[in-house]
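Given only the sequences and the hints, what does the whole structure look like? Please build it.
Here the protein sequences line up with chains P and W, keeping their order.
Numbering that gives the first Met the number 0 applies: residue 0 is where the first sequence begins, and numbers increase by one.
Numbering that gives the first Met the number 0 applies: residue 0 is where the second sequence begins, and numbers increase by one.
Quick caveat, the hints were computed from the structure, so don't treat them as lab data.
Be a bit skeptical, because a hint or two may be false.
What the hints assert, rightly or not - Sample of chain P residues facing chain W (criterion: CB under 8 Å; computed from the structure):
#1 A41
#2 L43
#3 V45
#4 T84
#5 I87
#6 R88
#7 N113
#8 G116
#9 Y130
Claimed, not checked - As a list, the in silico DSS-like pairs of lysine-lysine whose alpha-carbon atoms are at most 25 Å apart:
#10 K127(P) x K120(W)
#11 K104(P) x K127(P)
#12 K104(P) x K137(P)
#13 K104(P) x K107(W)
Even for Gly, the Cβ is constructed at its ideal location relative to N, Cα and C.
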Amino acid sequence: MRRYIVLFIFYFIIYLLLSGGTYFTDVFFAAVVAAIASALTAKLLVRNEEKLELRRLYYLLKYFFRYMLVDEIRAHIDVARRVLTGEIRPGIVAVPYYVGSDYAKTLIANSITNTPGTVVVGIDDREKLMYVHWIDVKALDPSTCRMYISRVFEEYAMKIFE
Amino acid sequence: MIRMLGEIIQQIVFGIGVCLVTIGAVFDLLAALGLVRFPCFYVRMHAATIGVIGGAVVPLIGVSLISLVSDQLGPYRFMFAGISFFTALLIMITAPVGTHILANAAHKLDLSPKEPIIVDKMGEDKR
Numbered sequence: 000m001r002r003y004i005v006l007f008i009f010y011f012i013i014y015l016l017l018s019g020g021t022y023f024t025d026v027f028f029a030a031v032v033a034a035i036a037s038a039l040t041a042k043l044l045v046r047n048e049e050k051l052e053l054r055r056l057y058y059l060l061k062y063f064f065r066y067m068l069v070d071e072i073r074a075h076i077d078v079a080r081r082v083l084t085g086e087i088r089p090g091i092v093a094v095p096y097y098v099g100s101d102y103a104k105t106l107i108a109n110s111i112t113n114t115p116g117t118v119v120v121g122i123d124d125r126e127k128l129m130y131v132h133w134i135d136v137k138a139l140d141p142s143t144c145r146m147y148i149s150r151v152f153e154e155y156a157m158k159i160f161e
Numbered sequence: 000m001i002r003m004l005g006e007i008i009q010q011i012v013f014g015i016g017v018c019l020v021t022i023g024a025v026f027d028l029l030a031a032l033g034l035v036r037f038p039c040f041y042v043r044m045h046a047a048t049i050g051v052i053g054g055a056v057v058p059l060i061g062v063s064l065i066s067l068v069s070d071q072l073g074p075y076r077f078m079f080a081g082i083s084f085f086t087a088l089l090i091m092i093t094a095p096v097g098t099h100i101l102a103n104a105a106h107k108l109d110l111s112p113k114e115p116i117i118v119d120k121m122g123e124d125k126r
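If you want it as structure tokens, here you go:
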């Protein structure tokens with residue numbers, strides 16, 4: 000039951016954001032659309048509804064702000080400097096990951112790709128490795144690469160989705 | 000007194016929004032420069048990432064802040080703010096998927112020269 004309510008609130012907010020609704024008709028149609036959409040998609044999107052907690056939402060918001068304000072700014076300045084000076088040491092390295100769920104994997108891969116300087120090229124589910132194209136190869140062995148690239152993302156992904 | 004405070008807050012939010020849009024313009028310029036200057040497809044992808052986050056998401060958040068405090072828009076300002084902010088979030092979620100697929104396809108089919116490259120763990124492991 001909880002997943003229907005959570006998704007209903009989520010879709011309701013999205014509809015109101017997109018329509019900018021301040022009238023009664025907007026709110027009414029938002030409720031109708033959100034009810035239908037949540038009834039259709041709840042079982043597909045949320046498998047285990049025990050995991051829908053406020054604590055995880057708090058970590059997600061904290062992660063969003065930390066990601067935008069710390070990691071992104073650092074990476075942007077670094078790559079912008081490389082654009083102007085032209086000093087690059089590119090290479091594809093292997094980075095291990097230890098999470099199980101699909102959402103967590105997607106969050107880690109998206110975070111790595113969204114940071115300038117690292118792009119996920121491939122993913123190996125059996126060996127639990129991500130192949131990352133790195134603009135400045137600082138290390139070759141997997142655990143040191145993980146320290147540089149994805150340790151912070153993985154800690155937060157564990158807290159949010161595991 | 001309260002009205003004056005409100006106007007000051009409006010001005011501050013407006014200033015932050017204009018700053019974010021200016022930062023976005025600078026990063027777009029740098030991304031375009033990088034696309035020209037970098038040597039191969041994979042390295043150019045990093046420049047394209049600058050254009051996505053620094054050049055699209057950040058200025059969209061700035062636009063949403065600006066429209067939130069623009070009184071002349073009337074009740075539509077919430078619509079503008081909501082659409083810009085939500086579009087920024089959507090770009091953040093969907094853009095890396097496109098980058099990932101492009102890189103994966105180029106590497107699998109060996110469509111572009113990889114040099115300069117120091118190490119290629121993915122090519123070594125496949126063999």
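Right, here's what the structure says about each hint:
Among the interface hints, the one on A41(P) is violated; its C-beta lies about 19 Å from the nearest C-beta in chain W, farther than the 8 Å criterion. For the restraint placing L43(P) at the interface with chain W, the shortest Cβ-Cβ distance is roughly 17 Å, beyond the 8 Å limit, so the hint is violated. Residue-level restraint check for V45(P) is violated (minimum Cβ-Cβ distance to chain W is 17 Å; threshold 8 Å). Interface restraint check for T84(P): the shortest CB-CB distance to chain W comes to about 10 Å, outside 8 Å, so the restraint is violated.
Proximity of I87(P) to chain W holds as hinted, the smallest CB-CB distance being about 6 Å (cut-off 8 Å). Because the closest C-beta pair between R88(P) and chain W is about 6 Å apart, less than 8 Å, the hint holds. At its closest, the beta carbon of N113(P) sits 5 Å from a beta carbon of chain W; the interface hint therefore holds under the 8 Å criterion. Against a cut-off of 8 Å between C-beta atoms, the interface hint on G116(P) holds, since the closest Cβ of chain W lies about 6 Å away.
Because the closest C-beta pair between Y130(P) and chain W is about 4 Å apart, less than 8 Å, the hint holds. Proximity of K127(P) to K120(W) is assessed by CA-CA distance (about 14 Å); at most 25 Å being required, the pair is judged to hold. In summary, the hint linking K104(P) to K127(P) is supported, as the alpha carbons are separated by about 10 Å, within the 25 Å threshold. Between K104(P) and K137(P) the alpha-carbon distance is near 24 Å, which keeps this suggested pair within the 25 Å criterion.
For the proposed pair K104(P) and K107(W), the alpha carbon gap of about 21 Å is at most 25 Å, so the pair holds.
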